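S.K.: Here is how the chains run, residue by residue.
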Amino acid sequence: MTEPDGQHGEDLVVLKGLVKSYTVGLQQVTALDGLTLTIAQGQYVAIMGPSGSGKSTLLNILGCLDRPSGGHYFLGGQDVSGMDDNDLSEVRNTRIGFIFQSFNLIRWLTVTANIEVPLFYQGVKRRDRHPRSRDLAKMVGLEHRMNHRPWELSGGQQQRVAIARALANDPLILLADEPTGNLDSHTTEEILSLFEDLHRRGRTIIMVTHEDSVAHRAGRIIRLRDGRVETDVTR
Amino acid sequence: MKALHKVADIFTLGLHSLSVHIVRSVLTALGIIIGVCSVVIMLAANEGAAQKAALTLRALGSNNIIINSVKLPDLASAAPSQNSRQVSAYGLLRDDVPNLCGSIPGIVRCVVARVALRDTHLRGENLTVATVATEPNYADVAHFNILAGRFISDLDVLAHRSHCVITASLAERMFAYESPLGQTVTLDGEPFTVIGMIDRLPPSLAGRGDEAGNNVIVPLTAEQDRFGDMIIRFAGASRTIEKIELSQIVLQMSDEKSVLEGSVIARGLLDESHERHDYDLVVPLELIAQQKQQMRLWNMMSVIIAAVSLVVGGIGIMNIMLASVTERTREIGVRRALGAKKRDVVVQFLIEAVMLTTVGGLAGIAIGRFAPMLMERWIDFTAVVTPASLVIPFMMAVLVGLASGLYPALRAANLDPIEALRHE
Chain A
2 MTEPDGQHGE DLVVLKGLVK SYTVGLQQVT ALDGLTLTIA QGQYVAIMGP
52 SGSGKSTLLN ILGCLDRPSG GHYFLGGQDV SGMDDNDLSE VRNTRIGFIF
102 QSFNLIRWLT VTANIEVPLF YQGVKRRDRH PRSRDLAKMV GLEHRMNHRP
152 WELSGGQQQR VAIARALAND PLILLADEPT GNLDSHTTEE ILSLFEDLHR
202 RGRTIIMVTH EDSVAHRAGR IIRLRDGRVE TDVTR
Chain B
22 MKALHKVADI FTLGLHSLSV HIVRSVLTAL GIIIGVCSVV IMLAANEGAA
72 QKAALTLRAL GSNNIIINSV KLPDLASAAP SQNSRQVSAY GLLRDDVPNL
122 CGSIPGIVRC VVARVALRDT HLRGENLTVA TVATEPNYAD VAHFNILAGR
172 FISDLDVLAH RSHCVITASL AERMFAYESP LGQTVTLDGE PFTVIGMIDR
222 LPPSLAGRGD EAGNNVIVPL TAEQDRFGDM IIRFAGASRT IEKIELSQIV
272 LQMSDEKSVL EGSVIARGLL DESHERHDYD LVVPLELIAQ QKQQMRLWNM
322 MSVIIAAVSL VVGGIGIMNI MLASVTERTR EIGVRRALGA KKRDVVVQFL
372 IEAVMLTTVG GLAGIAIGRF APMLMERWID FTAVVTPASL VIPFMMAVLV
422 GLASGLYPAL RAANLDPIEA LRHE
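For the record, the sequence lines run as chains A and B.
Those letters in the first sequence? Residues 2 to 236, by the numbering used here.
Those letters in the second sequence? Residues 22 to 445, by the numbering used here.
Hints listed in this document are in silico derivations from the structure and should not be mistaken for laboratory results.
Wrong hints could be hidden among the right ones.
[Unchecked claim] When the alpha-carbon atoms are kept at most 25 Å apart in a straight line, the in silico SDA-like pairs for lysine to any residue are as follows:
#1 B:K27 with A:L110
#2 B:K362 with A:F75
#3 B:K363 with A:D67
[As the list claims (entries may be wrong)] Stretches of chain A that chain B covers, calculated by requiring three or more beta carbons in the stretch to come under 8 Å of a beta carbon on chain B:
#4 62–75
#5 90–103
#6 152–165
Computed from a prediction, not measured in an experiment: that's the story for all the values here.
C-beta: ideal position from N, C-alpha, C; glycine also.
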């Protein structure tokens with residue numbers, strides 16, 4: 002494979018002239034308008050911007066849930082912008098960890114079973130999944146809640162399960178969509194320190210948020226406006 | 022291998038999600054249970070009817086050609102006028118016997134019988150019995166058991182002996198407290214000595230007008246001596262006189278092939294001497310074939326009707342699966358985000374639907390297996406449950422599961438993951 006132009010060894014995420022447009026009714030809406038961006042291995046990035054700035058669209062494309070209408074997206078050196086649904090599922094399964102605002106745990110599965118879902122779709126055998134999910138539950142401090150169901154847990158605990166689940170496949174990037182949006186200030190702090198911990202251990206984290214206090218915990222803040230990068234500040 | 026244990030995992034997953042909505046699952050499966058159950062019962066009933074019919078026909082003998090005398094409609098309908106001396110002569114003739122039996126290839130036995138209703142006396146009362154005048158080889162075509170004494174012998178026939186064999190039911194009526202052997206039975210005033218007792222004659226051979234099973238079997242020669250060819254019956258002030266030489270000729274053939282050929286030849290020969298067509302030729306083998314064909318049609322119809330209820334059950338499954346897909350849209354979105362392929366989602370929902378119908382199918386089979394036994398107690402109903410009548414409905418249930426789960430499963434798989442994740 003030829004090394005794409007402008008990509009360095011440590012550049013994990015490379016977006017080049019990313020365009021995403023939709024047709025809503027008769028109107029053409031451009032959500033991303035030639036966005037170019039590079040995120041290096043191990044960075045902790047916060048993406049901010051007013052509603053309609055294209056941050057949700059960007060997150061969907063970064064998460065391989067959506068395909069750009071134009072431009073290129075290289076994830077770990079691989080161009081994923083032209084992939085079909087099947088290959089994108091594979092990329093999500095093996096290279097991306099999702100953390101959602103509303104946790105999105107599967108209600109009727111236990112904590113460990115929830116953590117194992119990505120491994121399940123990788124086809125990892127049950128007896129190999131189990132030690133991994135136990136380790137992850139321990140890592141996020143839920144070793145005493147492993148057989149509980151999500152509804153038996155507090156919001157902060159649920160988000161920690163979701164983080165453990167996002168780490169189950171040892172992803173290239175962690176994508177967090179307003180991860181503290183449903184949490185009180187105390188648990189927000191809990192989750193953010195967990196993120197910092199992960200960041201220290203070398204995880205690449207991309208977080209969408211609209212709260213300045215949350216964004217300022219990240220090492221780099223990218224502000225979007227009208228589908229383009231408005232500011233890109235690295236501390 | 023990887024896919025295989027994944028499927029096994031999805032099975033556990035399916036079981037889990039069905040058990041979460043246990044009441045709903047059971048109610049949905051009920052449609053399948055009823056459908057499978059009715060197909061099982063229908064198939065079992067068909068099999069039962071087929072075996073019953075086969076048994077009846079086997080009693081007639083599949084290698085036999087049975088020729089009966091038939092009273093012609095114009096003779097039968099001619100009202101017997103008072104003291105009419107007119108004799109209605111019809112039916113098979115003694116001359117037919119050498120004619121048929123000597124010229125048809127493949128004949129093993131040629132059995133003749135003459136059936137007449139005669140009066141006997143029972144403690145001062147008149148009792149009508151059906152007399153079958155025949156020869157010893159009658160025992161080879163009429164499958165009965167000798168309960169006491171012996172059947173009529175060649176010597177009885179040669180010596181024109183006034184011996185008779187009676188059925189058990191008649192023996193019980195006439196000689197309830199003593200052995201019938203050696204007793205005397207009078208038939209239209211002529212005495213006959215009982216030399217044997219048999220259980221019963223098959224209805225097809227016992228002669229008409231004898232539902233009670235009261236039969237007396239006498240040597241053909243002796244009957245000829247005592248009564249001649251005329252059968253005179255008095256009914257009130259009127260009387261009928263009929264002249265019948267033989268009531269029945271049974272040709273026993275060596276094999277099925279000669280049955281079919283022989284029946285054609287026999288018809289040809291009889292039509293030469295019986296221009297009035299006062300006989301009826303029955304080939305049980307043909308009846309078996311006809312019955313089988315009719316049965317096949319009826320079987321198909323009944324199973325199709327029962328299968329309709331299975332389809333209705335399938336619609337129920339589809340309905341509930343569609344509801345489940347809507348309800349679990351968010352879950353589908355999460356699974357897709359975490360790496361489930363469309364195929365995985367299809368398989369997951371298909372397996373859930375198939376599990377519903379499989380469990381329903383098993384329950385339906387369990388009920389259908391034992392329901393016929395219960396039904397046999399209350400209604401005249403013979404059901405024979407064969408392995409096929411259990412396996413076929415089960416396969417149908419699995420197929421219904423696949424068919425009714427496919428559309429909801431595809432719908433689930435084709436949900437846009439982004440939309441699905443946003444779903445409340």
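S.K.: Taking the hints in turn, state whether each one holds.
M.R.: Going through the hints against the structure:
no.: 1; hint: B:K27 with A:L110; result: holds, 17 Å
no.: 2; hint: B:K362 with A:F75; result: holds, 21 Å
no.: 3; hint: B:K363 with A:D67; result: holds, 15 Å
no.: 4; hint: 62–75; result: holds (count 3)
no.: 5; hint: 90–103; result: holds (count 7)
no.: 6; hint: 152–165; result: violated (count 0)
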